[in-house]
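Student: Chain by chain, the residues run as shown.
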Amino acid sequence: QSVLTQPPSVSGAPGQKVTISCTGSSSNIGTGYAVYWYQQLPGAAPKLLIYDDTKRPSGVPDRFSGSKSGTSASLAITGLQAGDEADYYCQSFDSRLSGSVFGGGTKLTVL
Amino acid sequence: EVQLVESGGGLVQPGKSLRLSCATSGFTFDDYAMHWVRQSPGKGLEWVSGINWNSVSIGYADPVKDRFTISRDSATNSLYLQMNRLREEDTALYYCAKAGGMSRHHYGMDVWGQGTAVTVSS
Numbered sequence: 263q264s265v266l267t268q269p270p271s272v273s274g275a276p277g278q279k280v281t282i283s284c285t286g287s288s289s290n291i292g293t294g295y296a297v298y299w300y301q302q303l304p305g306a307a308p309k310l311l312i313y314d315d316t317k318r319p320s321g322v323p324d325r326f327s328g329s330k331s332g333t334s335a336s337l338a339i340t341g342l343q344a345g346d347e348a349d350y351y352c353q354s355f356d357s358r359l360s361g362s363v364f365g366g367g368t369k370l371t372v373l
Numbered sequence: 011e012v013q014l015v016e017s018g019g020g021l022v023q024p025g026k027s028l029r030l031s032c033a034t035s036g037f038t039f040d041d042y043a044m045h046w047v048r049q050s051p052g053k054g055l056e057w058v059s060g061i062n063w064n065s066v067s068i069g070y071a072d073p074v075k076d077r078f079t080i081s082r083d084s085a086t087n088s089l090y091l092q093m094n095r096l097r098e099e100d101t102a103l104y105y106c107a108k109a110g111g112m113s114r115h116h117y118g119m120d121v122w123g124q125g126t127a128v129t130v131s132s
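Here the protein sequences come in this chain order: A and B. Going by the working numbering, the first sequence opens with residue 263, and the numbers climb by one from there. Going by the working numbering, the second sequence opens with residue 11, and the numbers climb by one from there.
Isolated chain A (complex conformation) (with noise of 0.2 Å):
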């Protein structure tokens, strides 16, 4: 049971929008801890897709957003490519843990 709830899966029509939630509790992102999100493509290292809970590194495309309210944060993603197939995890920083947490992780389908 990861600490913070993520759905186990997403599916979209290409150039769809589809969004991801990401779910944790006053001892992790409701305290003000940062969310990042990221992204693994099959076979490949996560690559960090967005940080701080709004900010898009150097060269990922402005149809990754993400956003936070409370408890929670969410990824979304517009203009739904082929490519964008894959697993997303969300991570915070938890102070009752004191450790960085993941989320399950969710598969992005493209259909």
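Accuracy of the hints is not assured; some may be wrong.
[What the hints assert, rightly or not] The calculated SDA-like cross-link candidates involving lysine to any residue, where the alpha carbons are at most 25 Å apart (straight line), are: (1) A:K309 <-> B:N87; (2) B:K75 <-> A:S288; (3) B:K75 <-> A:S287; (4) A:K309 <-> B:V15; (5) A:K317 <-> B:D120; (6) B:K53 <-> A:F326; (7) A:K317 <-> B:D41.
Derived from the structure by calculation, the hints contain no laboratory data.
Once you've looked at the hints, dock chain B against the given chain A.
Tutor: Same frame as chain A, now just chain B:
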């Protein structure tokens, strides 16, 4: 170019030890926190351990606490993970990851290595 290269993985019997290394280049190692993250076959990412830039703040996930030890060496720009009393459930691909800043608390992981595989089996 920032690079992280893990090594030291392999097949080991339960109860034995293994030491993972992560050689870094392309950035000022002393200025950044570092992490180990693992991924069991077919499973999600699991944070294992993190260490601040100055080694003062160190943290471990509960499943590895008191068995694993993280350390860093500024002379060689390397990160290490000493794994003792290994269990079958420690079988995973172990990634080294660079934090975005000095603290392991306040930064995500902006660069990842390709991982080194650890298999614990008799």
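Student: Which hint numbers doesn't this structure obey?
Tutor: none
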